[in-house]
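**Student:** Going letter by letter, the sequence shown gives residues 1 to 299 in our numbering.
Rather than coming from a laboratory, the hints here were simulated on the basis of the structure. The C-beta atom is built at its ideal place from N, Cα and C for all residues, glycine as well. Honestly, I wouldn't trust all of these hints.
Pairs of lysine-lysine residues, derived as DSSO-like cross-links and limited to a Cα-Cα distance of at most 27 angstroms, are as follows [claimed, not checked]: (1) Lys103 to Lys157; (2) Lys242 to Lys8; (3) Lys61 to Lys157; (4) Lys157 to Lys24; (5) Lys267 to Lys74; (6) Lys111 to Lys24; (7) Lys103 to Lys51; (8) Lys61 to Lys71; (9) Lys103 to Lys61; (10) Lys74 to Lys8.
Simulated restraints on C-beta separations [to be verified]: (11) Thr196 to Ser144: 18 to 26 angstroms; (12) Lys224 to Thr67: 18 to 26 angstroms; (13) Tyr205 to Ser144: 25 to 33 angstroms; (14) Ala268 to Ile212: 37 to 45 angstroms; (15) His63 to Gln97: 23 to 31 angstroms; (16) Leu217 to His63: 47 to 55 angstroms.
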Amino acid sequence: MPTTTLTKPEIRNRKMQFNFEDIKSTNYWAGNSIISSYFAAMSATFPPGEKEFIESVRLFKAHITDTELQKEIKAFIGQEGHHSFQHRQINKAFDEQGWDTAKIEEKLRNKIQWFNRHLSDESRLARTVCFEHITAIMSEFILSNQDILDDLPESLKSLFLWHTVEEIEHKSVAFDVHETLVGNRNQLRRHMALVTIDFTLSMLYYQIMAHIWARSLPNWSDVKGAWSFFFGKKGMISNMRKPYLSFFKTDFHPWNVDNSELISAWKASKYAEDEVSNTSTEKNVIKSSSNNDDLAAAS
């Protein structure tokens, strides 16, 4: 297993409880329809996407002999399964406000099924490694710039902070599995180029369709606000460029950048209090899901 001089944080399986009844507007993100549609569309991709992440790692689990990495894989699967569960719940709230996340989920599910018929197990794992890097650096940006969440409904802010913390906790698991059993860095770089194109075009398509289904036409203020949010000097995509490119370095490892202080800060905040501590309550939360694919994938 690849080693790093850094001490990786514990990957902890948490069961969270959120009440999404405070999402009462289509343009829930600071009144901006473009930013709102982007994150609603992204949320729609999580249930099928994270199920595929779980399955692609699980394909190699039995071949891992390192006990610590085995533990990390188990925790990774648990975290991703609960992410899917919680995003199914918030997607219902988005649907009620006009963003048809169910259609996006279905489109991505069909797309993943097509990919899986044509890709090798190694390629599926490589794609997961690439997506995990993208979600990890996006998570780092959000946790480092939490003021961008200030205008969100409280439940959504809580969800984003928890989800991003766990993406950082398990950011190296898929990479370490690939490095241990495949070890083809050139394959990873090729897939990252393809995944980046795929992710960018897919999100653009999902956003456009979401606006069409919601009969929502962005105004000029939405365009200016979204441009600043994504591409401005302090924008999310602008500030993801450098950490994104680090993936192509010959000595890349996700924990070359130790951002565990972001995890510690969340643990000390009030937002960590959404974790369910009562076992019976936790079971009730799980039973409330109308679709248990995410939970089955995590078992």
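**Student:** Now tell me, hint by hint, if it's right for this structure.
**Tutor:** Status of the hints after comparison with the structure:
1. Lys103 to Lys157: holds, 24 angstroms
2. Lys242 to Lys8: holds, 22 angstroms
3. Lys61 to Lys157: Violated. Lys61 to Lys157 sits at ~33 angstroms, over the 27 angstroms cutoff.
4. Lys157 to Lys24: Cα-Cα ~14 angstroms, so holds.
5. Lys267 to Lys74: holds, 21 angstroms
6. Lys111 to Lys24: Violated, at about 31 angstroms.
7. Lys103 to Lys51: holds, 17 angstroms
8. Lys61 to Lys71: This hinted pair holds, its Cα atoms lying about 10 angstroms apart.
9. Lys103 to Lys61: It is violated: about 32 angstroms lies between the C-alpha atoms, which goes past 27 angstroms.
10. Lys74 to Lys8: holds, 16 angstroms
11. Thr196 to Ser144: 18 to 26 angstroms: holds, 22 angstroms
12. Lys224 to Thr67: 18 to 26 angstroms: Because 53 angstroms falls outside the window, the suggested range is violated.
13. Tyr205 to Ser144: 25 to 33 angstroms: Holds, since Tyr205 and Ser144 (Cβ atoms, about 29 angstroms apart) stay within the stated range.
14. Ala268 to Ile212: 37 to 45 angstroms: holds, 43 angstroms
15. His63 to Gln97: 23 to 31 angstroms: violated, 44 angstroms
16. Leu217 to His63: 47 to 55 angstroms: holds, 51 angstroms
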